[in-house]
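Spelled out from the first residue to the last, the chains are:
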Amino acid sequence: MPTRAILSSTTSSVTDLDLIDPAARQARPVATGAHSALVSPVDIEAREVAKTFGDTAIFDGVSFRLARGEAVALVGANGAGKSTLLRCLMGLIPVSAGSVHLLGEETSAAQGTALRSLRAQVGLVSQKHNLVPRLSVLSNVVHGFLGKSPGLRHWSHMLAPDASRSAAMHALEKVGLADFATRRADRLSGGQSQRVAIARAIVSRPKVLFADEPCASLDPSAGEDVMELFFRLVKDEGVTVVFTSHNIEHALRFGDRILGLSNGKLQLDATAASLSPSDLRGLYD
Amino acid sequence: MTDLSPARLERPSAVSFLGYTLGLVIVFWCLAGAGFSIDKVMSSPPRFADFASRAFPPNMDPQVLARLGWKMVETLQIAVAGAVIGVILSVPIALVAARGLIAGPAVNQIVRTLLGFIRAVPEIAWALVFVVAVGLGPFAGMLAIVVDTIGFCGRFFADDMEGTDKGPAESLTATGARKIDVVACATIPAAMPAFISTGLFALEKAVRSSTILGLVGAGGIGIELKVGFDLFDYPTAMTVILMIAVVVIAIEQLSGWARIRIIGDQQ
Ligand SMILES: Nc1ncnc2c1ncn2[C@@H]1O[C@H](COP(=O)(O)OP(=O)(O)OP(=O)(O)O)[C@@H](O)[C@H]1O
Ligand SMILES: [Mg+2]
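Protein chains in written order, with the numbering used here: chain A, 1 to 285; chain B, 1 to 267.
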């Protein structure tokens, strides 16, 4: 059932959603200045980023530039620092050294309203799903709008404007969970809650999407569907997607580019086409 | 075969021996201060029996029962009104008392200290203060319950919110939401079962407190207890004591049942 729902709605809902949010149709402004030399503008740039927790160094000297509309797979062993790096990129935790630029703004220096409006253009699917228990699935998805339109109206689907509610329903359709809208979020299976977290991250049509092991709790078919959904966001809407995965085959198939973290360094930064599965396995030794 | 297990009793070191001795001395000193007297303990059973024989059977005169019943209703009204207002006011106070939520550490500490002060003053003392402020009667009692509830719930609601899973709050922060929206959408819903449980304890506590507020003229059934003893009308006093016991136990049962009904389905 979810297979059908995802595949059929990804194509149709692009136009449906545009009726609700016409601004989303507009071409995204092209970054200028330092990055104009590149063919495609840079959405994410890390310069010599380091992170330590107390005395424990997680990684250092991490630098990369990700172009708009790239699909990037971030791979590495358990504890390599993938989730931590994503948190640093979003400014959820401070970097210990270096700087992060997101959509042309420096996240690592932004604060208050500037940081919030930056985050509002970015979606995050966290590894632990992090749905709010006791609230309905639909309310959880409506929360995805809190960054763009703060306040009471997006606290619950009951108060939400019609446009937000129907956009949230569309997002749920995309992940095949429209029938679960009124279900309590703590009564979902692991895979269902992962897909609700994905709906919450894409509902406000972010320009950049970070997905931390988006397929970890999904069965093989649902996992394919979700990767397919991300792939379409990249191809059709020019969203920059960074996902982490322990599935080497997924990483190579859906990533245009692979970043590999190992032993506290960025050991690998190459196009997927130039890599073979055994190159990636080397990261886990 | 050698026995490898340690000795059952270890010989205390000189320091711990001194500690035990000091502890014993303090206990005896306190007993002396409390006027402990074996003579009085020995002579109390007959006196207690005398009281019991004069208090039993309790006063079951329908007119008295009706009057006490209404006083009991007033008592519960004071308790429920005070607890509900107190719980509602506790939420915003707890928000500024909770560490790492919306207020900085200095504000957290100031609010927590104030809440500690409120708890340190017994509810009967608050009742005396409010009798002076707003005059004799149930309103003074209700205000005392409100303040007492804030001291209790303000602190425990704050602890409940500090103890919630930070994951949902982080994910909402990642959407660019403001702190206040994150608190309303993630922290408060996650802490809600704990709030309900703490709120029901506050209600039980309010019912227990409200039964004695009458002793200082702050409304409720306590006044009947005081009058009963003052006039040596022990049967009526006994009726009051039994009524209080029945109501307090009933409220505890009811709140236990409500707690399971409302949050028990979590597991
Ligand atoms: N808040 C924190 N405080 C201290 N150490 C932390 C904290 N968060 C993560 N770490 C440590 O940082 C390291 C990297 O963690 P991280 O979650 O980024 O790994 P990961 O690459 O995402 O692993 P996995 O594949 O298991 O998800 C781990 O050793 C972890 O114990
Ligand atoms: Mg991780």
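It should be emphasised that the hints constitute simulated quantities derived from the structure, not laboratory data. Each hint should be verified, as a subset may be incorrect.
To be verified - List time: in silico BS3-like cross-link candidates among lysine-lysine, alpha-carbon distance up to 27 Å: (1) A:K207 - A:K128; (2) A:K148 - B:K166; (3) B:K179 - A:K207; (4) B:K166 - B:K40; (5) A:K265 - A:K128; (6) B:K179 - A:K148; (7) A:K148 - A:K265; (8) B:K166 - A:K207; (9) A:K235 - A:K207; (10) B:K179 - B:K71; (11) B:K166 - B:K179; (12) B:K226 - B:K71; (13) B:K179 - A:K128; (14) A:K148 - A:K207; (15) A:K148 - A:K128; (16) B:K71 - A:K128; (17) B:K226 - B:K205.
Which of the listed hints are broken here? 4, 7, 10 and 16
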